[in-house]
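Trainee: Sequence:
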Amino acid sequence: MFIASQWPKTRATPLKDRRSSAAIHFVVNYRGGNVMNAKTLTAVLLMGSSALAFMPAAYAAASDTEARIQALESEIQDLSNKMLELKRSTENQNADAQKQQASAVKVTITNGRPTISSADGNFTASLRGTLQADWGYYSQSAAAKGLPAAYGPDLSSGTNLRRAELGIQGKVFGEWSYFFLYEFGNPSTEAPGHILYSYLQYDGLAPWAFRVGVYAPPANLDDSTAAADLMFLERNAPSNMQRGIAGSEGRDAISILYMGERVFGALSYTGGKVQDGPVFDEQQALLGRVAYMAYADAEAHLLIGANGTYVFKLPDGVASGSATLATTPGGTALNCITLSDLPEISVDSNAVKLVNTGSLPAKHVLQWGVETAGNYRNFYGQAGYYGFQVDRTPVAYAAYSGASTSATTVVHPGDNRFSAWYVQASWIMTGESKGYNPASGAFTSPKPAQPFSLSNGGWGAWELAARYSDLNLNDHVNDASNVITNWTGVSTRTYTYYNTVRGGDQRIVTVGLNWYPNNNVRFAFDYQLIDVSRLQTPSAVTTAVTPALPEVNGGQNLQTMAARMQIAF
Numbered sequence: 089m090f091i092a093s094q095w096p097k098t099r100a101t102p103l104k105d106r107r108s109s110a111a112i113h114f115v116v117n118y119r120g121g122n123v124m125n126a127k128t129l130t131a132v133l134l135m136g137s138s139a140l141a142f143m144p145a146a147y148a149a150a151s152d153t154e155a156r157i158q159a160l161e162s163e164i165q166d167l168s169n170k171m172l173e174l175k176r177s178t179e180n181q182n183a184d185a186q187k188q189q190a191s192a193v194k195v196t197i198t199n200g201r202p203t204i205s206s207a208d209g210n211f212t213a214s215l216r217g218t219l220q221a222d223w224g225y226y227s228q229s230a231a232a233k234g235l236p237a238a239y240g241p242d243l244s245s246g247t248n249l250r251r252a253e254l255g256i257q258g259k260v261f262g263e264w265s266y267f268f269l270y271e272f273g274n275p276s277t278e279a280p281g282h283i284l285y286s287y288l289q290y291d292g293l294a295p296w297a298f299r300v301g302v303y304a305p306p307a308n309l310d311d312s313t314a315a316a317d318l319m320f321l322e323r324n325a326p327s328n329m330q331r332g333i334a335g336s337e338g339r340d341a342i343s344i345l346y347m348g349e350r351v352f353g354a355l356s357y358t359g360g361k362v363q364d365g366p367v368f369d370e371q372q373a374l375l376g377r378v379a380y381m382a383y384a385d386a387e388a389h390l391l392i393g394a395n396g397t398y399v400f401k402l403p404d405g406v407a408s409g410s411a412t413l414a415t416t417p418g419g420t421a422l423n424c425i426t427l428s429d430l431p432e433i434s435v436d437s438n439a440v441k442l443v444n445t446g447s448l449p450a451k452h453v454l455q456w457g458v459e460t461a462g463n464y465r466n467f468y469g470q471a472g473y474y475g476f477q478v479d480r481t482p483v484a485y486a487a488y489s490g491a492s493t494s495a496t497t498v499v500h501p502g503d504n505r506f507s508a509w510y511v512q513a514s515w516i517m518t519g520e521s522k523g524y525n526p527a528s529g530a531f532t533s534p535k536p537a538q539p540f541s542l543s544n545g546g547w548g549a550w551e552l553a554a555r556y557s558d559l560n561l562n563d564h565v566n567d568a569s570n571v572i573t574n575w576t577g578v579s580t581r582t583y584t585y586y587n588t589v590r591g592g593d594q595r596i597v598t599v600g601l602n603w604y605p606n607n608n609v610r611f612a613f614d615y616q617l618i619d620v621s622r623l624q625t626p627s628a629v630t631t632a633v634t635p636a637l638p639e640v641n642g643g644q645n646l647q648t649m650a651a652r653m654q655i656a657f
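So for the sequence shown, our numbering puts the first residue at 89; every next one is plus one.
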C-alpha cells in the first residue's frame, strides 16, 4: 500500500504560457496526518487529465474571439478615419461656399430702388427715376386778353410731362461716387432727352467732398430739396430765379462740399449750361450756400442758412465787343442778363414769364440771401429773403442831335437792385414728420406710417400746405432818362428810354394738398391766386414834342389749378 506521506513535499508551479493558466493547480500537503487515500488521488488525477484535454479547444476559441475583436477595432478605426476625412472635406466645402458667397454680387431693392453692389460694398449702382405728369388750368380775366403777347394774354391750359428722369447713381472703389441722370420731360413743353446730372465726386475725406461735372450746384434751401420732395408742384419763384442765375440742373461746375450732421456747406465755381445757346465766351460765377442745424431733438429741428452768387463774367453775346460797347449798341450788348421766372406753375406751353426784366447790359451780378426752416412734430415752416444787384455796363447808341445828324453816344444806365421773399408751411394731418438729409442740408417728404392699402386699412400720409411769395423786378420804374435814336423831318424824333426796368411785382398765394400713398408715389393738387403789378416797358416813342414817360398797364390777376401724379425711386 502506497502511503501519501511517503511523497516528498512538493507544490505545483503554474505554467508560464496560456495553457498552464488554464490548467488546474493543486497542492499536496503533508502536514501531520493529512493523508490522501488512493480513491481521492485517482479522482484528482482524472480531473486534471480532463482539464488538460480541454485546454487546446479553449485556447483556440479565445484566439478566434481576439482576432474578431481586432478586426472590428480595425474597421472602427477605418470608419473613424473616413468620418474625419469627410468632416474636413465638408468644412473645406463650407469655407469655399462662404468665400464664394462673400464675393458674390448683391442685388437689393430698397424703397423701390434697385441696387447692385459688390460684396464689400465698394462698388454700387442704383437705378434712379422720377416721373411727374402735370395738369393745369389758367383762369384769366377778360382784361388780360388785351395785353401784348409778352405779358401773357392767353396762357395755355393743358397737360405736361414735367419730369421724366432716368439714371444711375453709385460709387466705385469705395471713395468715389457718381451720378448720371437723363431728362425727357421739361417745364412747359417736353424736350428731347438731355443731361441733367453727370458728375464724379471724391468722398475719401468725409465729411468733405469734391465734385466736378454737370449738376445743380447747391444754391438755396428749396434748390437743395429734391424735386420729388417739394411741398408744391414748383419751387417758389424767388428761390427758383436765384438758382437759375448760376446754378440749376445741367450746370457745368466744380464744388467743394461739407456734409456734417449739423453743418452743410458748398462753394462752387460754375460756368454755362449744357443746353445753353451758342455764345463767344461762357459765363463764369461763384455760388455758395451754408446751413446750420441750430437746434435738433426727436421732435423739433431749426435750420438757419445763407447763400450768395457772384457772376464776375457774363457770357459774351457778340463777337469782339468792346469794353464800352461802342460797336454793340442796345440789346445786342456784349454782356447781358435777364431776370425772370414762371408763376410757380409750368403747364403753359408758351412758357410766358409774367415778371421779366428784359435784357439788361451788365458786367457783374451779385446776389445774397438768408433762409430758415424747421419742424415741430408734424408741423413744418420755411422762409427766405433774397437781394439782387445788377452792375450795369455802358451802352452805346447812335444819338441824333438833328435831322440826319448822329454820333455815337455812350450812356451808363444806373445799377439795378431787386428783392424777393417767400414763406411756406405745412401740416401733416396724419401725424408724420418731415425728415432731414444732412447730405443736402434740406428736409424730405414725410414717410407714411401706414401705407395705403385697402386690405390693411392704411391711408398713407396727407399734407396740407400754404405759401406766399413776392418777386419784385421793378427798378427805376419812372426814370425818363433817354436818348434820341432817330430824327426825321423837321422835328419828328424817336426817344429810347435806357434806364427804366419794369420787370413787374409778382405776388402769389398757393394752397396745396399732398397725398403720399407710400414712399414712392405722390398725388398733389395746388390752387393759386396770382397778382402781377406791372407797367409795360416803354417802347421808343416817335413824336414832335418831348414825350412823357409812357405808363401802360402790363399786369393782371389770375387763378390757377394744377394737379400732379408722381412716382420716384
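It should be emphasised that the hints constitute simulated quantities derived from the structure, not laboratory data. Just so it is clear, CB atoms sit at the ideal spot from N, CA and C, and this is done for glycine as well. Treat the hints with caution; some may be incorrect.
Straight-line C-alpha distance at most 25 Å; calculated DMTMM-like pairs for lysine to aspartate or glutamate [said to hold, decoys possible]:
1. K259 to D317
2. K535 to D184
3. K451 to D317
4. K535 to D385
5. K535 to D558
6. K194 to D184
7. K175 to D152
Estimated spans, in silico, between C-beta atoms of each pair [unchecked claim]:
8. S579 to A651: 57 to 65 Å
9. Q647 to S579: 18 to 26 Å
10. G545 to L293: 43 to 51 Å
11. G292 to L167: 27 to 35 Å
Trainee: Please go over all the hints and tell whether each is borne out by the structure.
Mentor: Checked hints:
1. K259 to D317: The hint holds at about 23 Å.
2. K535 to D184: violated, 42 Å
3. K451 to D317: This hinted pair is violated, its Cα atoms lying about 36 Å apart.
4. K535 to D385: holds, 18 Å
5. K535 to D558: violated, 31 Å
6. K194 to D184: Measuring from Cα to Cα gives roughly 18 Å; hence the hint holds.
7. K175 to D152: Distance of about 35 Å is beyond 25 Å: violated.
8. S579 to A651: 57 to 65 Å: holds, 59 Å
9. Q647 to S579: 18 to 26 Å: violated, 48 Å
10. G545 to L293: 43 to 51 Å: With Cβ atoms ~48 Å apart, the hint holds.
11. G292 to L167: 27 to 35 Å: violated, 57 Å
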